[in-house]
Amino acid sequence: MGVSGKIHPIDTRLEELGLVLPEPPKPAGKYRGSIRGDRLLFISGQFPSSNGRLVYQGRVGDELSAEDGRDAARLAALNVLAHIRAATSEWNEFGYLVRLEGYVSSAKGWHQQPEVLDGASELFAEVLGEQAGHTRTAFSVTQLPLNAAVELVVIASLLII
Amino acid sequence: MGVSGKIHPIDTRLEELGLVLPEPPKPAGKYRGSIRGDRLLFISGQFPSSNGRLVYQGRVGDELSAEDGRDAARLAALNVLAHIRAATSEWNEFGYLVRLEGYVSSAKGWHQQPEVLDGASELFAEVLGEQAGHTRTAFSVTQLPLNAAVELVVIASLLII
Amino acid sequence: MGVSGKIHPIDTRLEELGLVLPEPPKPAGKYRGSIRGDRLLFISGQFPSSNGRLVYQGRVGDELSAEDGRDAARLAALNVLAHIRAATSEWNEFGYLVRLEGYVSSAKGWHQQPEVLDGASELFAEVLGEQAGHTRTAFSVTQLPLNAAVELVVIASLLII
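First to last, the protein sequences are chains A, B and C.
Just so you know, the first sequence maps onto residues 1 to 161 in this note's numbering.
Just so you know, the second sequence maps onto residues 1 to 161 in this note's numbering.
Just so you know, the third sequence maps onto residues 1 to 161 in this note's numbering.
Because the hints were derived from the structure by calculation, they are not lab data.
Treat the hints loosely; a few may be bogus.
Because identical chains cannot be distinguished in the list, a pair is counted as satisfied if it fits within a single copy or across any two copies.
As the list claims (entries may be wrong) - With a cut-off of at most 20 Å between alpha-carbon atoms, the simulated SDA-like pairs for lysine to any residue come out as follows:
hint, residue 1, residue 2
1, Lys108, Gly58
2, Lys30, Gln112
3, Lys108, Gln57
4, Lys26, Gly52
5, Lys108, Ala82
6, Lys108, Asp62
7, Lys30, Glu90
8, Lys26, Leu54
9, Lys6, Asn92
10, Lys108, Asp68
11, Lys108, Val141
12, Lys6, Leu17
13, Lys30, Glu122
14, Lys108, Thr142
Just need the whole structure built from these sequences, with the hints factored in.
This is the structure:
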C-alpha cells in the first residue's frame, strides 16, 4: 500500500497481470542498488535472477534461443521494477522510465538484440502504461558478469511531491 | 523555423555547412527515440543509417578503415542532431551536449576508437559551436546490433524557457 | 584549499590516506573532461593512467591478475576524483557519486568483474565516506580503447550553493 493507504494503480496492474515483484536484489559488491541524483533515479545493473540465483546464463543466439533471451530480459525487468518501487515510496514518487540500456550476451554474428530487449520494454508498457516512457540502447556483448544472459541499466524520473 | 518565426542560428550553420538533417530515425523496437528526464534530454542509441538503411556495417580496423569509421560516426551524429532538433522546438530549448558514449565495432587488437569518434565530436563542434560541450566515453565492441559499425548515445541539457 | 580558505574534509582524508590526486587527465580527443548537466556532473571515461601513460594494459583474468585489475580500478578512480575536485571548486559543490559504470577488459570465460570494480568502490568509500553513494554497473569487454585494463564512467550530483 502506498503512503496514502490506498493501493497504487501500478500495484493493481501488477496483480491483474498475475505478477509478483521480488525483493530488490542485493548489490553484488560495495555499492547501492539505487540512488537519486537530482530528480532522477539511477538503478544499478539488473540481471535475470530470482531469489539470488541467476536463472539465465550464457549467450543468446547460441546457448540460448531468442525466446529465452526475451524471457531473461523480462525477468531482469521485474528486478528493475522492484528497485523502483522500493525507492519511490511504493510508486508515489515515480515519474516515468527515462532510459533503458540493454546488454545482451550474444553469439558471434547474432544481431537480433532489439528483439530480446522488447521482452523488457513490453513488460514495462504492460505494467507502467504511459509511465513506461523510455529511450533505449541495445548492446551486444560477448560475455556479462557472472555469465548472465542479459543486463539492464535503467534511469527513471521522479515526481516532486 | 523556430517558434519565434526566425531561422535559428544552428539551422543557419547547418545550411552554411551544406548539411541537411534527416527525419529522426524511428526506434527499432518498443521504445521512444528521445525523452526528457528533468532538464536533460536522453536520445536512444543512433546508428550510421540513412533513410532507414544502415550505411556502415562491419568492424572498423578490418572490414572498414578508420576513415570509414569516422564517416560512420559523422552520419550517426547527424541522426542524433535530427532527434535533438525535433525534441527541442527546433533548437529553442536546446542547451548543450552533455555526454556522448561512442561504441565502435572493432577488429581484435585495434585500439584507435577515439579517432573514429572524433568524426562525431568534430561535426558537433562545427554545427553547435560552444553548445557542442560534451564529455565522451569510447568503447570498443566486437559487434553491434544489426552489425552497425558505430553506435552513439547522447544526453543533452535543456534550457528552461 | 577550498574557496572558504579552509582545507576541505575530503582533502584532509586524502592526506591521511597518503593519497595525492593527479592533475585531471586530458581528454584523448575533441571533447571535455567533465561537464555539468543540470545538477549532475558528467565525467568522461577514465583509465588507469598516471602522468599521461597507461599503467595497466591488457585483459584481466589472463594477461593481468584480479589483483592487478583491482589496482587498475583504484588508479582510474583517482583520476575520476581529480576531475571531480577540479569541477566542484575543490569539493565545495560536490554532492555525492550517483553512478559508476565499470568496464573491465576480460579474458574469455572470466566473470569476476565485480571483484575488480570493488577496487574503485572501496577507494571512493575511504575517501568520500557517505558521499561515495553510487549505483554501479559492471561490464566485461574484450578490449578497451588504447588496450586499457579498466575504464570508469562516473556521474556525480552537485550541491546548489
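Copy assignment of lysine 26 with leucine 54, given that the CA separation must stay at most 20 Å: This pair counts as within: shortest intra-copy Cα distance 13 Å, inter-copy 34 Å.
Which holds for lysine 26 with glycine 52 at a C-alpha limit of 20 Å: within a copy, between copies, both or neither? Within one copy only: 8 Å inside, 37 Å across.
Checking lysine 108 and aspartate 62: alpha-carbon separation at most 20 Å within a copy, between copies, both or neither? both (9 Å within a copy, 16 Å between copies)
Tell me, please, which holds for lysine 108 and aspartate 68 at an alpha-carbon limit of 20 Å: within, between, both or neither? This pair counts as within: shortest intra-copy Cα distance 17 Å, inter-copy 22 Å.
If the cutoff is 20 Å on CA atoms, where do lysine 108 and glycine 58 land: within, between, both or neither? Let me know, please. Cα proximity of lysine 108 and glycine 58: in one copy and across copies (13 Å, 12 Å).
Treating 20 Å as the Cα threshold, decide for lysine 30 and glutamate 90: within, between, both or neither. neither (25 Å within a copy, 25 Å between copies)
How would you label the pair lysine 108, glutamine 57 (within, between, both, or neither) given a Cα cut-off of 20 Å? Classified as both; 16 Å inside a copy, 15 Å across copies.
Intra- versus inter-copy proximity for glutamine 112 and lysine 30 (alpha-carbon distance at most 20 Å): between (33 Å within a copy, 14 Å between copies)
Have a look at lysine 30 and glutamate 122 and pick one of within, between, both or neither, based on CA distance no larger than 20 Å. between (32 Å within a copy, 7 Å between copies)
What label fits lysine 108 with threonine 142 when the C-alpha limit is 20 Å: within, between, both, or neither? both (8 Å within a copy, 8 Å between copies)
For the identical chains here, do lysine 6 and asparagine 92 meet the 20 Å Cα criterion within one copy, between copies, both, or neither? within (11 Å within a copy, 41 Å between copies)
For the identical chains here, do lysine 108 and valine 141 meet the 20 Å Cα criterion within one copy, between copies, both, or neither? Classified as both; 9 Å inside a copy, 12 Å across copies.
Going through the hint list in order, the structure does not satisfy hints 5 and 7.
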